[in-house]
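If you read the sequences in order, they're chains B and D.
Heads up: the first sequence begins at 1 in our numbering, then just goes up one per residue.
Heads up: the second sequence begins at 1 in our numbering, then just goes up one per residue.
I should point out that these hints are in silico values taken from the structure, not numbers from a laboratory.
The reader is advised that the hints may include incorrect statements.
[To be verified] Derived SDA-like pairs (lysine to any residue); straight-line CA-CA distance at most 20 angstroms:
{"id": "1", "chain 1": "B", "residue 1": "3", "chain 2": "D", "residue 2": "109"}
{"id": "2", "chain 1": "B", "residue 1": "125", "chain 2": "D", "residue 2": "9"}
{"id": "3", "chain 1": "D", "residue 1": "164", "chain 2": "D", "residue 2": "144"}
{"id": "4", "chain 1": "B", "residue 1": "60", "chain 2": "D", "residue 2": "22"}
{"id": "5", "chain 1": "B", "residue 1": "60", "chain 2": "D", "residue 2": "11"}
{"id": "6", "chain 1": "D", "residue 1": "109", "chain 2": "B", "residue 2": "30"}
{"id": "7", "chain 1": "D", "residue 1": "10", "chain 2": "B", "residue 2": "61"}
{"id": "8", "chain 1": "D", "residue 1": "10", "chain 2": "B", "residue 2": "59"}
{"id": "9", "chain 1": "D", "residue 1": "164", "chain 2": "B", "residue 2": "4"}
{"id": "10", "chain 1": "B", "residue 1": "46", "chain 2": "D", "residue 2": "104"}
{"id": "11", "chain 1": "B", "residue 1": "134", "chain 2": "D", "residue 2": "22"}
{"id": "12", "chain 1": "B", "residue 1": "3", "chain 2": "B", "residue 2": "32"}
{"id": "13", "chain 1": "B", "residue 1": "60", "chain 2": "D", "residue 2": "104"}
{"id": "14", "chain 1": "B", "residue 1": "60", "chain 2": "D", "residue 2": "33"}
{"id": "15", "chain 1": "B", "residue 1": "60", "chain 2": "B", "residue 2": "107"}
{"id": "16", "chain 1": "B", "residue 1": "137", "chain 2": "D", "residue 2": "21"}
{"id": "17", "chain 1": "B", "residue 1": "60", "chain 2": "D", "residue 2": "29"}
{"id": "18", "chain 1": "B", "residue 1": "3", "chain 2": "D", "residue 2": "46"}
{"id": "19", "chain 1": "B", "residue 1": "3", "chain 2": "D", "residue 2": "156"}
{"id": "20", "chain 1": "D", "residue 1": "106", "chain 2": "D", "residue 2": "79"}
{"id": "21", "chain 1": "D", "residue 1": "109", "chain 2": "D", "residue 2": "144"}
{"id": "22", "chain 1": "B", "residue 1": "60", "chain 2": "D", "residue 2": "35"}
{"id": "23", "chain 1": "D", "residue 1": "109", "chain 2": "B", "residue 2": "4"}
{"id": "24", "chain 1": "B", "residue 1": "3", "chain 2": "D", "residue 2": "117"}
{"id": "25", "chain 1": "B", "residue 1": "137", "chain 2": "D", "residue 2": "70"}
{"id": "26", "chain 1": "D", "residue 1": "10", "chain 2": "B", "residue 2": "124"}
{"id": "27", "chain 1": "B", "residue 1": "60", "chain 2": "D", "residue 2": "31"}
{"id": "28", "chain 1": "B", "residue 1": "46", "chain 2": "D", "residue 2": "91"}
{"id": "29", "chain 1": "B", "residue 1": "137", "chain 2": "D", "residue 2": "41"}
{"id": "30", "chain 1": "B", "residue 1": "60", "chain 2": "D", "residue 2": "24"}
{"id": "31", "chain 1": "D", "residue 1": "105", "chain 2": "D", "residue 2": "156"}
{"id": "32", "chain 1": "D", "residue 1": "105", "chain 2": "B", "residue 2": "107"}
{"id": "33", "chain 1": "D", "residue 1": "105", "chain 2": "B", "residue 2": "42"}
{"id": "34", "chain 1": "D", "residue 1": "164", "chain 2": "B", "residue 2": "38"}
{"id": "35", "chain 1": "D", "residue 1": "109", "chain 2": "D", "residue 2": "123"}
{"id": "36", "chain 1": "B", "residue 1": "125", "chain 2": "D", "residue 2": "11"}
{"id": "37", "chain 1": "D", "residue 1": "109", "chain 2": "B", "residue 2": "32"}
[Said to hold, decoys possible] Taking beta-carbon pairs under 10 angstroms as the criterion, some of the chain B residues facing chain D (in silico):
{"id": "38", "residue": "3"}
{"id": "39", "residue": "25"}
{"id": "40", "residue": "37"}
Just so you know, even glycine gets a beta-carbon here, dropped at the ideal spot from N, CA and C.
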Amino acid sequence: MAKVYNPIPGIGSGRGRLQVLIRSRIYSGPDHLLIVLSTGYTEEYKRIFYRDIRYIDVRKNRGQLWQTIISGVIFLLLLLIFYLANAPTLVAVICSLPIVIWILVNLFRGPTCDCYISTNVQTLKLPVPGRARKVTKLISFLRTQTAAFESAEMTQPVA
Amino acid sequence: MPSATFSCPKCQVALVIEPGITEVASTCPDCASFIEAYFFPAFFRPTQVGLTPAALIDHTEASCFYHPQKQALQVCDGCGRLICALCSVDLGTEHLCPACISTGKKKGKITNLEDNRMRYDSIALSLAVFGMLFYILAIFLAPAAIYMAIRHWNSPGSLLGVSKTRFVIAILIAIGTLLFWIAMVGVLISHPGK
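Chain D with its partners taken away, still in its complex shape:
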């Protein structure tokens, strides 16, 4: 295993770290600032160079689905097609072809490619609560909260766990607010001037 270099966070001077060293807690020889770093196996692993797909030698060899003249190296974990080194994309522990990556991202099927999500449950709950607090706006906000909750009931929620509790609370608050609003309007109409 070759040694690797670590740059001092302050002065950027390169420090050689011998293989097997798992942590460093000492001062930088150049700027004398204290360095505390913990090394993991990937630190000593040489940087992987991108593989070049090998050309087919004879027609008995399996060829890439996308590049028929290139040797197949792997099977796509998404569609099962044979793919060459150029087409294979490592995603966590999976090997996927570009088409599966593209469709997976478009349809939101590959969770590891998602870098943001909207919290519709929080939006619905906020609308309902604002409707309750600013009563004059409830006629707009409460129906909006109900619409948001029903429209996005099955939309993907947070990656950290999906719960419908906020939707349910939002709907209950919005319905309660609307009923109260209707009752107040009813009272005002039936007893004008009081």
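Extracted from the complex, chain B is given alone in its bound form:
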């Protein structure tokens, strides 16, 4: 049996953000987006029908900046500890390499943002994507979906 819900092309379902034991993910359905809030033992669903989407409001935030600053501070502290402890260079490099990779990946993924989706009855903060680059992909995906529904409604015979 074909799966009804699939990850959105280009952005996936996203691992979502873990907020006090609740993980949120996003999937595309046949005629709606499905937002899943999962505790592991229960799942709560929110549906947003493609034809009801009015606008998406993207608000850039300072998540990337703070992540970089915190990672940088940890990196510098590690270097300081290794310097004071006279640790071998190889050990210092191996231990600090993951943080450097994390900083580079964070910079490469682009700025973070909050993404709000609005219909006539609600405005909902989308759990994913948290990066501006992926929001662009989500918007182009939604434009394709809404255009398909619009054209289907236009060609529908009058009863």
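With the hints as your guide, set chain D onto chain B.
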């Protein structure tokens, strides 16, 4: 197509968006905060006003099953009954009558109305794993895991896809734990004091 208004997320001032504009990336004229918004066709669509069912003019017209004095507008996609504008509920691409909505929700037949589901497979697996980790409790947790797996084998699982893998793993772990528990008790009984 008429223009529509968009409220600045920060200061809530109404900004007029002309038809055809698909995105805005500029500063708010009132609070100067940066606005980035992407508009979809529904944004410019006028808000639909609820339809009022029209009264029957003569008896040759089809009437609503629930309101015999009102003109039928649609056929219910669930039961096939003729329904008026008041009774027709749009659910995605379907038009359903209130009775079908009610029974569909009660019986869980309309997936689009479900807003939560229990993950019995995860519960069974957790019980089995906890039983394995906290061995002293295995005598309670392992049978509970097996019961949960068998009792809810056919219960609807996650909307994202139903797989029995967790149930199977839970049963295997629970049986393994129970066998180990029984073997340990057997050893203790047959070699007391050792």
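Against the structure, the hints come out as follows:
Between residue 3(B) and residue 109(D), the direct Cα distance comes to roughly 17 angstroms. Compliance with the 20 angstroms bound is thereby established for this hinted pair. For a cut-off of 20 angstroms, the pair hint linking residue 125(B) to residue 9(D) stands: about 12 angstroms separates their Cα positions. Note on residue 164(D) and residue 144(D): the hinted pairing holds, with a Cα-Cα distance of about 17 angstroms set against a maximum of 20 angstroms. At roughly 19 angstroms between alpha-carbon atoms, residue 60(B) and residue 22(D) fall within 20 angstroms of each other, so this suggested pair holds.
Distance check on the hinted pair: residue 60(B) and residue 11(D) sit about 16 angstroms apart at the alpha-carbon level, within 20 angstroms; holds. As the CA atoms of residue 109(D) and residue 30(B) are separated by approximately 17 angstroms, the hinted pair is consistent with the 20 angstroms bound. Pair hint residue 10(D) plus residue 61(B) holds up; C-alpha atoms about 13 angstroms apart against a cutoff of 20 angstroms. With a C-alpha separation of about 10 angstroms, the suggested pair residue 10(D) and residue 59(B) falls inside the 20 angstroms cut-off, and the hint holds.
Distance restraint check for residue 164(D) and residue 4(B): the Cα-Cα separation of roughly 17 angstroms lies within the 20 angstroms cut-off, and the hinted pair is therefore satisfied. For the hint pairing residue 46(B) with residue 104(D), the CA-to-CA distance comes to about 18 angstroms; that is within 20 angstroms, so the pair holds. A hinted pair counts as satisfied when its Cα atoms are at most 20 angstroms apart, and residue 134(B) with residue 22(D) qualifies at roughly 18 angstroms. Only pairs whose Cα atoms come within 20 angstroms are accepted, and residue 3(B) paired with residue 32(B) is accepted, the gap being roughly 14 angstroms.
A hinted pair counts as satisfied when its Cα atoms are at most 20 angstroms apart, and residue 60(B) with residue 104(D) does not qualify at roughly 42 angstroms. Distance hint between residue 60(B) and residue 33(D) is fulfilled; the C-alpha atoms sit about 11 angstroms from each other, no more than 20 angstroms. Proximity of residue 60(B) to residue 107(B) is assessed by CA-CA distance (about 15 angstroms); at most 20 angstroms being required, the pair is judged to hold. A hinted pair counts as satisfied when its Cα atoms are at most 20 angstroms apart, and residue 137(B) with residue 21(D) qualifies at roughly 19 angstroms.
For the hint pairing residue 60(B) with residue 29(D), the CA-to-CA distance comes to about 18 angstroms; that is within 20 angstroms, so the pair holds. Of the supplied pair hints, the one linking residue 3(B) and residue 46(D) is violated, its CA atoms being roughly 34 angstroms apart against a limit of 20 angstroms. A threshold of 20 angstroms between alpha carbons decides the hint, and for residue 3(B) with residue 156(D) the separation of about 15 angstroms falls inside it, so the pair holds. For the hint linking residue 106(D) to residue 79(D), the alpha-carbon distance of about 16 angstroms falls within 20 angstroms, and the restraint holds.
With a C-alpha separation of about 29 angstroms, the suggested pairing of residue 109(D) with residue 144(D) is violated against the 20 angstroms cut-off. Restraint check for residue 60(B) and residue 35(D): satisfied, since their Cα atoms lie roughly 9 angstroms apart, inside the 20 angstroms limit. As the CA atoms of residue 109(D) and residue 4(B) are separated by approximately 15 angstroms, the hinted pair is consistent with the 20 angstroms bound. For the proposed pair residue 3(B) and residue 117(D), the alpha carbon gap of about 17 angstroms is at most 20 angstroms, so the pair holds.
Proximity of residue 137(B) to residue 70(D) is assessed by CA-CA distance (about 47 angstroms); at most 20 angstroms being required, the pair is judged violated. Our distance criterion of 20 angstroms between C-alpha atoms is met by residue 10(D) and residue 124(B), whose separation comes to about 16 angstroms. Proximity of residue 60(B) to residue 31(D) is assessed by CA-CA distance (about 16 angstroms); at most 20 angstroms being required, the pair is judged to hold. Distance hint between residue 46(B) and residue 91(D) is fulfilled; the C-alpha atoms sit about 14 angstroms from each other, no more than 20 angstroms.
The hinted pair formed by residue 137(B) and residue 41(D) meets the criterion: a straight-line CA distance of about 18 angstroms does not exceed 20 angstroms. Using a Cα cut-off of 20 angstroms, the hinted pair residue 60(B) and residue 24(D) holds, with the two alpha carbons roughly 14 angstroms apart. The suggested pairing of residue 105(D) with residue 156(D) holds, with an alpha-carbon distance near 14 angstroms, which does not exceed 20 angstroms. With a C-alpha separation of about 47 angstroms, the suggested pair residue 105(D) and residue 107(B) falls outside the 20 angstroms cut-off, and the hint is violated.
Restraint check for residue 105(D) and residue 42(B): satisfied, since their Cα atoms lie roughly 18 angstroms apart, inside the 20 angstroms limit. Taking the CA atoms of residue 164(D) and residue 38(B), the gap is about 19 angstroms. The hint holds against a cut of 20 angstroms. Restraint check for residue 109(D) and residue 123(D): not satisfied, since their Cα atoms lie roughly 24 angstroms apart, outside the 20 angstroms limit. Restraint check for residue 125(B) and residue 11(D): satisfied, since their Cα atoms lie roughly 18 angstroms apart, inside the 20 angstroms limit.
Between residue 109(D) and residue 32(B) the CA atoms are separated by roughly 18 angstroms; this keeps the pair inside 20 angstroms, and the hint holds. With its C-beta approaching chain D no nearer than about 5 angstroms, residue 3(B) sits inside the 10 angstroms limit, and its interface hint holds. Because the beta carbon of residue 25(B) sits about 8 angstroms from the nearest beta carbon in chain D, less than 10 angstroms, this interface hint is met. With 10 angstroms as the threshold, the beta carbon of residue 37(B) comes within range of chain D, its nearest partner Cβ sitting at about 9 angstroms, so the hint holds.
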